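Chains as they are written, first to last, in the working numbering: chain A, 1 to 349; chain B, 1 to 349; chain C, 1 to 349; chain D, 1 to 349.
Calculated directly from the structure, the hints in this document are not laboratory data.
Note that this is a predicted model, so its numbers are computed, not measured.
Don't be surprised by glycine CBs; every beta carbon is placed ideally from N, CA and C.
Please note that the accuracy of each hint is not assured.
Derived coverage of chain D by chain A (criterion: at least 3 residues anywhere in the stretch with Cβ under 8 Å from a Cβ of chain A; other residues may be distant) [as the list claims (entries may be wrong)]: (1) 129 to 140; (2) 197 to 208; (3) 216 to 230.
In silico DSS-like pairs for lysine-lysine, Cα to Cα no more than 27 Å straight-line [to be verified]: (4) LYS225(A) - LYS43(A); (5) LYS225(B) - LYS43(B); (6) LYS225(C) - LYS225(B); (7) LYS154(A) - LYS43(A); (8) LYS225(D) - LYS43(D); (9) LYS225(D) - LYS225(A).
Protein chains: 4
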Amino acid sequence: MHFFASDYIEGAHPSILEALAETNLVPQPGYGEDAYCRRAAEKIRLACHTPDADVFFLSGGTQSNRVVISALLGTVEGVISPATGHINGHEGGAIESSGHKVLALPHRNGKLDAAALRSFLADFYADRDGYPHMVQPGMLYLTHPTEYGTLYTKEELTALRQTAEEYSLPVFLDGARLGYALATPSSDVTLEDLARLTDCFTIGGTKVGALLGEAVVFPRGTAPKHFFTHIKQQGALLAKGRVLGLQFDALFTDGLYQRIAANAVRQADRIRAALGELRVPLAVPSPTNQIFPILSNEDAAALAREVVYTFWEKADEGHAVIRLCTSWATTDEKTDALIAVLRQVLGGR
Amino acid sequence: MHFFASDYIEGAHPSILEALAETNLVPQPGYGEDAYCRRAAEKIRLACHTPDADVFFLSGGTQSNRVVISALLGTVEGVISPATGHINGHEGGAIESSGHKVLALPHRNGKLDAAALRSFLADFYADRDGYPHMVQPGMLYLTHPTEYGTLYTKEELTALRQTAEEYSLPVFLDGARLGYALATPSSDVTLEDLARLTDCFTIGGTKVGALLGEAVVFPRGTAPKHFFTHIKQQGALLAKGRVLGLQFDALFTDGLYQRIAANAVRQADRIRAALGELRVPLAVPSPTNQIFPILSNEDAAALAREVVYTFWEKADEGHAVIRLCTSWATTDEKTDALIAVLRQVLGGR
Amino acid sequence: MHFFASDYIEGAHPSILEALAETNLVPQPGYGEDAYCRRAAEKIRLACHTPDADVFFLSGGTQSNRVVISALLGTVEGVISPATGHINGHEGGAIESSGHKVLALPHRNGKLDAAALRSFLADFYADRDGYPHMVQPGMLYLTHPTEYGTLYTKEELTALRQTAEEYSLPVFLDGARLGYALATPSSDVTLEDLARLTDCFTIGGTKVGALLGEAVVFPRGTAPKHFFTHIKQQGALLAKGRVLGLQFDALFTDGLYQRIAANAVRQADRIRAALGELRVPLAVPSPTNQIFPILSNEDAAALAREVVYTFWEKADEGHAVIRLCTSWATTDEKTDALIAVLRQVLGGR
Amino acid sequence: MHFFASDYIEGAHPSILEALAETNLVPQPGYGEDAYCRRAAEKIRLACHTPDADVFFLSGGTQSNRVVISALLGTVEGVISPATGHINGHEGGAIESSGHKVLALPHRNGKLDAAALRSFLADFYADRDGYPHMVQPGMLYLTHPTEYGTLYTKEELTALRQTAEEYSLPVFLDGARLGYALATPSSDVTLEDLARLTDCFTIGGTKVGALLGEAVVFPRGTAPKHFFTHIKQQGALLAKGRVLGLQFDALFTDGLYQRIAANAVRQADRIRAALGELRVPLAVPSPTNQIFPILSNEDAAALAREVVYTFWEKADEGHAVIRLCTSWATTDEKTDALIAVLRQVLGGR
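If we strip away everything but chain A, and leave its shape as in the complex, we get:
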């Protein structure tokens, strides 16, 4: 069997396991007060060129979204998100469960357009003070890469940022797969850009080589008051915070984070090229580590006998969109083998 279902099917990059083993018996205070969290935070500040950033380490993506969004929003405020935003569909209602509406706007390939944002806000504030019978827009949520593997350009992010700023909305960017964005050759958005264009963003570890962990970065040091208690209240505080700090310390040493992400993107590019040769259409033009081929139901079934992939959605009655995913652990050999299978199964169509 060939495993391309997701970027979290393996454990962690070996450097992380080594770091865990080496430091195992060093006594450290709990709850993120340890030396490794401090060191990792410092390395992230350096990488982002934000000496004043507040950095926290949480366990997962939904958790980070929930903690950050519920901490940033006032009681009657909601979070604006493209309709495809992870918070809007795939987090079990985590945001609503903490009391806030997701204000879903139309998307294009998973991306929100500054014009669509502006149009929504202009309508809402047509009457100077906004419409008091409705949820008040409180912040903007974006994902990068998006749920479809697509990326914002620096220009697009800048336009969104400007629009949000005009309406005093903080911008929060969910980077659960951020490494793959940073490692995509065609992307012009850097860590430094994100730090400049957002009020908070996350650097995903779980899907980029860590066992678990997301770094939550407030680049200008504007973490909400009592943010530690927010983390605690949501059940998101690890007693052994060292486990998270150590991993980000390893990932931000010698550029490991982007290096392993670059491998995943390179392998995905090879798969994309092979699918192109096979004239398999893609549902979305994703340049990152996720690929969304459209297959006939028969081809999809045939492929499933040899490859573990993710069923994404029905394209039409006869076709399915599937997802293939590479990771830090995808070797040339594994990709070669997958391509061979693809050619064999899909070649004769």
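On the provided structure of chain A, position chains B, C and D as indicated by the hints.
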């Protein structure tokens, strides 16, 4: 410096790190569907003699309490807890944040008495249907060991269980430090007893040798409907659930969990004996891995120069209660060294 | 000035004020335990032919929606609603504030189609147990009349009911303006039908002649456990519940409720006829007491100098949808006067 | 039967019914934008000597507490209250349901002592930044009169205010029965004092002569941002807000509010005097319209045959505390009749 501040100052038991390393590249599905979670759940079912138990793996204690309690309670129900219960003071309002009141009852050394429980319930239901202007009692929360390291006897737990049952209240036992309870020679409560006397209980890993992780056990297979979605909604679902499964798999192999807990209790007994010789009074008669000496403020300050301990609370103007804590990683040598310091600092009083 | 902005610009029908005055000094128990609430509930049971119905009296529409929906849903469940449903946009996030997502489906003139509902549910349950990473569908919310004044037919409601039943979803119908639906000659849906086709529905008083008040009816006596405490917890319990009971007692005496609603619909029909003669297009084919003409911005501005109406939404850059609303208090004279103004302002177009 | 169970057993003061009748057909905008709400707010500002006050009108006491507290608190903050505070026991968990813990402190006759408050806060902030694992103190809640009918002195309120101010805690005073406090001859606290010593307080209408209604006053005009939306979100916004405005307009015309409250206190004083002559002990020294005699169970049963009172609580196995309550509608004749019954039933003991 001698480190006895908590049982989470080190990393994980070496067997756990080995298991992580060995399985690192084996592809596995995410979200707890992996082979290790299944294997660990099976071993826990065996250890509890509960073939039908539902077993889930979460990251931490507050998280487990929050997920379980919010899943078990109806909207207008609250959770009964001894006033010292972890949920009532030290979880940042996690339970209230999910909409539920903690109905705090008086405690004795951290324990709730069946008579106190019965008295509260009898008053509430004095008027047949209960008092509809108040929060409805919805479940019972206990900790074992308690926040003071004390333990319920089988008789006490049985009485609490019976009382709860009369009022149709499910019993949830928070076992964040359960290993130390099971490993205490004077305790007559077994895993099997807990499975029989509760509707849900947790087996704490974080404080008993794991990097992170709590097993949530519904011994009779009565996990609330959609419990997986509850976990997801609360941000408690790890993409790489294998990290939790592997650890409990290791801890429940060859009795490792209780074996390493027994070491901690043995070391604590040695410290207790030394304090007894020094005639240092203890604030609470804890038989587990936590010790609560009462020191004069001067002695506490002197000790702090050589030992990292936890300040617990003010006893009176001139005295403090401190906490010393042992763990799976406390060696005979470390305990010897602590005892020498204790004798030196406290001996001349 | 002519006032047609809403159906809540006047006080109450005179019978209600008389009832308040007559009973003012009669001592009664509080919290809905009074004789008037009992009497009103009994009259509603009779009118619905549901001898076992549970009937509660609340203050307003958003409050009723919030209390009912949060009482019917489990923690991880959401409420399905047409996108235009009042709960989805105009209740300040009341549903999300109580922890639940509104699962918005496409609408046609404010109405949800059984086929659209079925399609959503079939997709969600494509994988036998549903998709556990998403909010679980927990109930169906409909309005009748809808926010656009439109009405379901008995056939449409029956189809929705059947679909909901197949998926075990309770149906809740928000009847904030129910009187106008019942009084619309072309409608074939009766109170009895609603009692048969829903699990809960409200009979709106505030917008149909009461000072305030909505009757919440569980026609089969299936009010959620502790529903009284739900009301209390949400701050929706009036100490002097008699104020609500008395009003519904009056409204359900000698058919007053439908009689005064019929007047409003008749006056609206006259206005619709006049607009038809003037060839003013309507945005929605509402047969009830709300009328939604599309006017050029200039006409809208001219009309605003003589008539108080509600701006509804922008139709396009040059046109606006406005709302004209009649009520129990709209006399023939008032309608005559409005029609004269309409002819004068819009006649020369 | 003689009715002294509560101060909400009758309807409204006749002036209120008259005002409703007189204005019934005057068209007014909805949602509190009407002329009567504006007029009532202005009269309240005058009565409080606070020209900048924000004034809102809500329906009931629990609702007001819930809306104000959830609007004033941040997500991880709790509200400090004496343990007997209405929010802590008798509001069905309304505060916790909106996500916040009630931090209950010891009371004396229903009152919180500034020293107890200071001691709690000093402990919490022993470590400069407070204890981040716990709910953060966010505001202070007091009732006046308390649940036991007792009153704070100006000196006591001033001390509480100073302590709260040192810790930057806003003070919210629940005046569900405020009229009776203001009308108690021995009390030295005026409306003006309350406006000076609190950040928000309520003026209860429901229990002081209105059909329903509480005025929420932010004396310095510091209502939280989007407070209107908070009201809407909680289901507390009446479409016909005029119903509330009109009542407070009437109550604050020619001192009606305090005048009718003074009658209730005077009648209560007569009952207290009679009980004193009968040597019936009182459970609490309440000087307002509530009286809490301690009766033997036999006497309580005998009295219940002629008087409708409220059972308050068990004093001991053989005795009960009951509550007798007067109101604006208690005439001299009704009080005479009650006293005669008291003498007859309790006189021969």
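Here is how each hint holds up against the structure:
For the segment 129 to 140 of chain D, the stated coverage by chain A holds: 5 residues have a C-beta nearer than 8 Å to a C-beta of that chain, and at least 3 were required. Check on the segment 197 to 208 of chain D: 0 of its residues sit with their Cβ under 8 Å from a Cβ of chain A, so the three-residue criterion for coverage is violated. With a threshold of 8 Å between beta carbons, the proposed coverage of the segment 216 to 230 of chain D by chain A holds, since 5 of its residues qualify and at least three are required. Straight-line distance between C-alpha atoms of LYS225(A) and LYS43(A) comes to about 23 Å, which keeps the hinted pair within the 27 Å bound.
For a cut-off of 27 Å, the pair hint linking LYS225(B) to LYS43(B) stands: about 23 Å separates their Cα positions. Taking the CA atoms of LYS225(C) and LYS225(B), the gap is about 18 Å. The hint holds against a cut of 27 Å. Between LYS154(A) and LYS43(A) the CA atoms are separated by roughly 24 Å; this keeps the pair inside 27 Å, and the hint holds. Pair hint LYS225(D) plus LYS43(D) holds up; C-alpha atoms about 23 Å apart against a cutoff of 27 Å.
Only pairs whose Cα atoms come within 27 Å are accepted, and LYS225(D) paired with LYS225(A) is accepted, the gap being roughly 18 Å.
Consistency note: the structure conflicts with earlier hint 2 alone.
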